[in-house]
Amino acid sequence: MKKSYYLMLLIISFLVSSYVYPQDLIPPSNFVATSDSNQVNLSWELPFDSIAGQVPTNLSSFNIYRNDSLLISCGAQTTSMSFVSFNGLQYYSLTAVYDLTPYGFPGQFGESGIAGPDTLIVAYGFPLPFSETWSSSTLSTQLWTAEQGWYVDNLSGFNWPDVKFDGTAGYVNYNRSLESYWINPTSITSTSPYSIYLEFDLRLIDQSGSGSEKLDVEVWDGSAWYPEFTYANTGTQIWQHEKLDISVRSKHHAFKFRFRASGIHSTGIDAWFIDNIHIYSHLNLYPPTNLNAYWYGNPQNDVLLTWTLPQGSGTPSEYVLDDNSAENGWAISPGYDSWLGNEFDVNDVGKLVSADVYWQSNSASGGETVTIDVFNNNFELVGSSEPFVPMSDSWQTIYLPDINLDGNFIMMVHWNMLAGQTNYLGSDEDGPNVQANKEWYYDGNAWAHLTDYGYNPCVFLIRAYALLGDSKKDTLLSTGLTQSKKGSITPLNANSSGRDSGCINSIAQTALPGYTDSPCELLGYNIYHMLIQSFLGQWDTICPWTLIGTAQSQASQYIENDVFGGIYAFYRITALYNEGESEFSNVDWVIPEGIENIPVTGIKCYPNPADDKLHIATQGKVKEVMIHDTFGRLLNKKELNEDTDAVLETSRLCPNVYFVELVLKDCSHVTWKVVVNH
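With this note's numbering, letter number 259 in the sequence shown gets 259, and the count goes up by one each step, no holes.
Distance condition first, Cα-Cα at most 25 Å in a straight line; then the derived PhoX-like pairs of lysine-lysine:
hint : residue 1 : residue 2
1    : 243       : 613
2    : 637       : 621
3    : 637       : 673
4    : 665       : 637
5    : 214       : 243
6    : 673       : 623
7    : 243       : 256
8    : 604       : 638
9    : 673       : 638
10   : 638       : 613
11   : 665       : 623
12   : 256       : 214
13   : 621       : 604
14   : 623       : 637
15   : 637       : 613
16   : 621       : 638
17   : 623       : 638
18   : 613       : 665
19   : 613       : 623
20   : 604       : 637
21   : 604       : 623
22   : 673       : 621
23   : 665       : 638
24   : 621       : 665
Label pairs and their calculated CB-CB ranges:
hint : residue 1 : residue 2 : range
25   : 419       : 377       : 27 to 35 Å
26   : 419       : 103       : 26 to 34 Å
27   : 245       : 37        : 26 to 34 Å
28   : 244       : 668       : 45 to 53 Å
29   : 147       : 210       : 16 to 24 Å
30   : 544       : 86        : 53 to 61 Å
31   : 581       : 245       : 18 to 26 Å
32   : 393       : 131       : 40 to 48 Å
Quick caveat, the hints were computed from the structure, so don't treat them as lab data.
Note that the coordinates shown come from a computational prediction; the quantities given were computed from them, not determined experimentally.
Beta carbons: idealized from backbone N, C-alpha and C, even for Gly.
Produce the complete structure using the sequences and hints provided.
Written out as structure tokens, the structure is:
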């Protein structure tokens with residue numbers, strides 16, 4: 001028995017010692033993936049055996065993987081490879097393949113450890129801005145793909161020709177699309193927040209008014225079609241201009257868009273017509289808001305202007321719960337839809353602009369992507385990042401699309417039914433905020449803490465960055481969110497690394513490739529005024545819009561000294577950024593002394609702000625009503641022959657500030673300031 005035992009042990013020992021592990025096989029080095037338009041370029045260096053002083057003689061070939069799937073194999077002397085690829089986020093990795101004969105396994109081959117992955121975004125297509133006016137009279141010029149029913153119509157159009165979906169052919173339960181070629185926005189190099197807009201002119205000739213025949217505008221982000229807007233046949237529609245913000249699905253990567261006609265029976269319409277398509281980017285250089293003008297000083301011949309700081313500007317603030325060490329790490333298991341993250345108890349108001357996340361490496365991870373999701377005080381999702389691939393043993397900065405911050409929030413990493421494993425989200429188990437139990441686990445139904453499953457209390461290595469506005473309050477660590485959402489404990493679909501990373505190096509600002517949004521630098525403000533004089537209903541501009549001064553970036557007021565008496569002084573301001581000047585703020589003004597805002601008892605002007613109509617309760621004292629713009633131009637006029645109230649149509653006026661002038665029956669004039677806001 002004793003000899004048999006020793007023999008068995010020797011056999012087991014031989015089998016274990018004879019196994020060839022991937023780490024025993026030398027991988028290639030300096031693996032790099034780059035892209036040029038639709039071409040991917042890979043390069044690497046041959047494996048080198050430092051003991052033998054040469055490339056291993058049993059090197060057989062290389063395997064190239066894209067998104068965890070074998071793409072191609074190449075010869076043992078190959079050190080580069082180029083090929084045409086599809087649009088979208090991709091990650092590439094490389095292994096060396098060896099003949100295992102020298103290890104006692106003739107006819108067998110083994111792969112080394114992985115070189116990579118190296119992540120890149122492949123983007124090609126028409127650059128921005130993109131326009132289509134159908135002037136070529138064909139769909140092929142700009143590579144449109146049209147299903148049956150769509151064609152260029154040379155006999156009509158906003159400025160003929162246009163493109164048309166013809167419903168008279170009688171399609172039943174139909175679904176027909178006009179699809180663009182790829183649009184590539186990656187040439188946008190601005191570091192300021194920006195938006196991408198789709199504009200076009202649309203016309204419908206309706207036959208039934210059924211509402212069941214529809215036109216959908218959709219964007220393809222590389223993985224799925226997403227709806228942007230739906231139009232239905234609720235009546236014939238003349239040409240009207242449409243403007244859609246498609247930024248969420250189109251920024252930072254190539255995309256396509258389409259117009260999709262669908263319905264029960266196409267004879268419910270005659271046709272949909274589309275013309276003058278335009279896609280472009282627009283820098284979000286936010287203007288100041290809530291501009292107000294007041295008479296000021298003693299005597300009151302100065303004008304005080306006050307305003308609110310632009311959206312996206314403010315005081316930077318960082319929220320940190322960890323102590324810069326990771327005693328453990330966590331990741332959601334493949335195939336599950338769950339979140340891990342931190343609760344931040346603050347009393348601030350502003351915008352969340354980025355997150356820093358620390359990841360522990362996981363040798364089994366591939367190129368699976370996750371997102372940063374932010375939930376508010378009511379456990380409601382309020383914003384998400386673009387998908388990104390976690391890095392290894394490193395801090396990673398992920399930019400956010402200016403998510404509203406108003407008090408407590410939860411910032412989490414979202415694993416969404418991934419096919420493979422990811423790196424581990426670092427967790428701090430011995431820092432000063434650990435016992436407060438600020439970490440959360442959410443499986444889409446119930447919220448819980450890791451301590452509910454018997455694990456150590458912790459906080460995750462997730463840090464939030466915000467820009468706080470002028471309504472900033474003191475940062476406050478409180479007792480926590482209400483746990484009304486905490487349901488019965490469900491199974492924990494996560495696994496831990498069980499590894500202590502110790503003290504971590506300083507944060508490296510590493511963003512998602514191609515994702516460039518960050519707050520631009522606010523330099524200051526430009527102050528403009530316009531002076532108008534009124535006499536017996538005649539308006540004279542004595543000074544057009546003129547730059548009168550500047551203010552520093554953190555200022556929120558400005559004083560114009562010694563303003564002429566007896567005039568209307570109008571003001572508007574802009575914000576100056578390192579990339580340009582914003583649009584104008586709202587307009588406000590001061591009224592000459594002696595003119596009251598409600599000059600006649602009983603007369604009322606409502607609502608203010610107005611939408612499509614403005615009502616004047618005249619009390620029988622008014623014979624004429626006029627509305628003027630800020631340049632003094634007469635826009636609408638109505639004579640009252642009887643003691644009736646007046647209704648002015650304002651639906652076609654642009655949102656702005658206007659004068660309502662009343663001519664009373666005693667021939668005197670009174671004026672109101674009215675805001676139109678649709």
